[in-house]
Amino acid sequence: MDLTFSDSEAAFRDELRAWFATNDPGPEPSGEDANYAWRRDWQRRLAEGGWAGVHWPREYGGRGATLTESAIFFEELGRARAPLPANVLGLLLAGPTLMTYGTDEQKDRYLTPILTAEEIWCQGFSEPEAGSDLAALKTRAVKDGDGWVVTGQKVWTSGAQHSKWCMLVARTDSEVPKHKGLTYFLMDMEQEGVQVRPLVQITGEPEFNELFIEGARIPDENVLGGVGNGWKVALTTLMNERSGLAFFLQVRLRQLLDELVEEAAARGLLDDPVVADELGRLHMKAEILRLTAYRGLSTIEKYGAPGPEGSLTKWMWSETNQELAQFAADLLGADALTMGNRWAYELLRSRGNTIEGGTTEILKNIVAERVLGLPRLKGATA
Amino acid sequence: MNFDFTDDQHEIKRTARDLLGSRSTFEKVRHAAEGKAYDDALWTELVGLGWPGIAIAEEYGGQGLGSVELAILAEELGHAVAPSPFLSTVTAAAVIQACGSDEQRSRWLPALASGEATGALGVADGLVPDADAAAVIVLLDADGAARVLARADADVTPVDSIDPTRRTARVSAPPGRGEPLAGEGRHGTDRATVAVAAELVGVSQRALEMTVAYVKERRQFDTPVGAYQAISHTCAKMLKDTEGARSATYFAAWAADAEPERLAEAASLAKAAASDGARDVTAAAIQAHGGIGFTWEADVHWLYKRAQVGAALLGGSAPHRARLARILAARLSPTAV
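Chains B and P, in that order, are what the protein sequence lines are.
Sequential numbering from 1 applies to the first sequence in the UniProt record's numbering.
Sequential numbering from 1 applies to the second sequence in the UniProt record's numbering.
Since the hints were derived computationally from the structure, they do not count as laboratory data.
Careful, some of the hints might be misleading.
[To be verified] Subject to a maximum C-alpha distance of 30 angstroms in a straight line, what follows is the list of computed DSS-like cross-link-like pairs (lysine-lysine):
(1) K232/B - K216/P
(2) K178/B - K232/B
(3) K232/B - K164/B
(4) K138/B - K180/B
(5) K232/B - K237/P
(6) K36/P - K305/P
(7) K36/P - K13/P
(8) K13/P - K216/P
(9) K138/B - K107/B
(10) K302/B - K164/B
(11) K178/B - K13/P
(12) K143/B - K180/B
(13) K302/B - K237/P
(14) K107/B - K302/B
(15) K302/B - K305/P
Sequences and hints are given; from them, build the entire structure.
This is the structure we're talking about:
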């Protein structure tokens, strides 16, 4: 075991710090649209500096960073108090899935605009009646000439209002067992037949959307990974989501915790043993998340693809983030509970953490069945 | 960077797991605990393998390996709930090695490394695991200073703790007795703390394994109870708590040797996580075993007791959380504390 950064990793970190020293993202604007524009602009600057797809191979315009270097990147992003890039789903989910299953033409066409935030991606998996049970989705794609015609509805589509492309999973065969009849498509959002309706959330802001698809067309060349292989391709996306995204999000958790500690110090609250106890506990949990994510990276480097352990870090992150937001509200009192206050926003937004990207209940099922090998209750799936 | 064991470290872990799996069965644990004795044959074998001296420098008769290797063995002995003075001996040695003068190391360490003498480590006037059988006792005084005493120099009163696999005693020694260790005690104590955390990780791992095996077999309403989400989700949380504590503990073990300036924070992270984790995991193990889990016959209580005593040793999770908060605040606002 050796957690020392190698010379090349240290050089990577120093180069990145030097870049951050002259590239300040500036203050975070409030409001969904302004905030999004700020993050999109920030990603353009990352791309210009060659830092957008750090973990992407060089042949696809990335930096070819190792997993450890990617982790360094996320940590430095946190240290610089910089935001996550706007096209997170493109960088972490669509890009890697395209690299795994895409044809050469698809890779040429789609990868670069993901890096530059020129084309934003969203993920069309969840449906009103198929949230955690992906195989139960009903959106249908019917063959029509040299393409497909799609009809159905998606929900919880994060960032759809900004997106040019959608990673869409639809049913192309209803005669076979339900997880075998799915196909993964790259759907153009800018066409008649695709309607995005903002779904106003608990925060009062429309980060998620409903997606109504009525006769939208997708050409054959936009099938990813072959007709009928949608389940397998989607699992790749989900695995990347649970391992990669949790690592990404722990940076944000760390930023929030540091801010809360500073705020508590400024108010002279750190001498209160109850406050210190809870802040110490949150720090412990944030560090455990970071260290477990690092352990996961070493496992991936040694054994290949991410495993179901990514479910653990996603679970740790969502739980800790909720506890952090709740403690901030407890600590700061009613002052923090006004609309527009950032802690009020975090408190409300955090309720989604244990639902989005796999509910905690589903993650527990995955851990129980795939890691611990426990028997599955008849009818239940993970 | 590699947050995984080296091949040699994996080999140490495998060897320890195999050996303890055959030598330190629950039957032997029970026999030793009920007889209020250690498993002497096991201790002789561990001494023969050089385990007590694994992290003691070669010049003092040890194997000269590091804190990671020590953590590996401590974890495996915790997994086995071995009735042996291993943990107490290696933690006493860790404090002497880190804080003692050359002369003090030369005097005390060879006997501990060779297993000729066993050790104990604890807070003055408090309960000290294994002190009743120890030849060498390291006492931590209230001001953070450490003293090393030969058994005859300390007042040792045996106590029946809830963990009968250890020979616990209340230990006191008036000021002036024993030798003050030359260095600042905290650094040595932090190393010892990491070893205790590692033992707790092993205890948690064993509780998890036993529980998973049990709930796959045990049937109610014609279904293995492990298929019910109330049980399977409990097991998933046991895994999460165990793995989280393991991440923190391995990091701390690595930091102890490689980046000692991070040891204070890392040791408290590890101890707080491992203490909370082991108590929660072993309690959940009893619950998931149902009525049988509450009986003396079911072995799960040995783990619960080890966890409770280990969690209280060298500071429970609360003082370690308080320390973490101080470290974090000092880092963020140097003027605030």
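Each hint tested on the structure:
1. K232/B - K216/P: Holds - the C-alpha atoms of K216/P and K232/B are around 29 angstroms apart, at most 30 angstroms.
2. K178/B - K232/B: Distance ~13 angstroms between K178/B and K232/B Cα, so the pair holds.
3. K232/B - K164/B: Between K232/B and K164/B the Cα gap is close to 24 angstroms, so the pair holds against 30 angstroms.
4. K138/B - K180/B: 13 angstroms, holds
5. K232/B - K237/P: 28 angstroms, holds
6. K36/P - K305/P: It holds: about 15 angstroms lies between the C-alpha atoms, which stays within 30 angstroms.
7. K36/P - K13/P: 28 angstroms, holds
8. K13/P - K216/P: 26 angstroms, holds
9. K138/B - K107/B: 28 angstroms, holds
10. K302/B - K164/B: 36 angstroms, violated
11. K178/B - K13/P: 44 angstroms, violated
12. K143/B - K180/B: Since the Cα atoms of K143/B and K180/B sit roughly 17 angstroms apart, the hinted pair holds (cutoff 30 angstroms).
13. K302/B - K237/P: With Cα atoms ~26 angstroms apart, K302/B and K237/P stay inside 30 angstroms; holds.
14. K107/B - K302/B: 27 angstroms, holds
15. K302/B - K305/P: Violated, because 37 angstroms separates the two Cα atoms, which is more than 30 angstroms.
In this structure, the earlier hints numbered 10, 11, 15 are contradicted, and the remaining ones agree with it.
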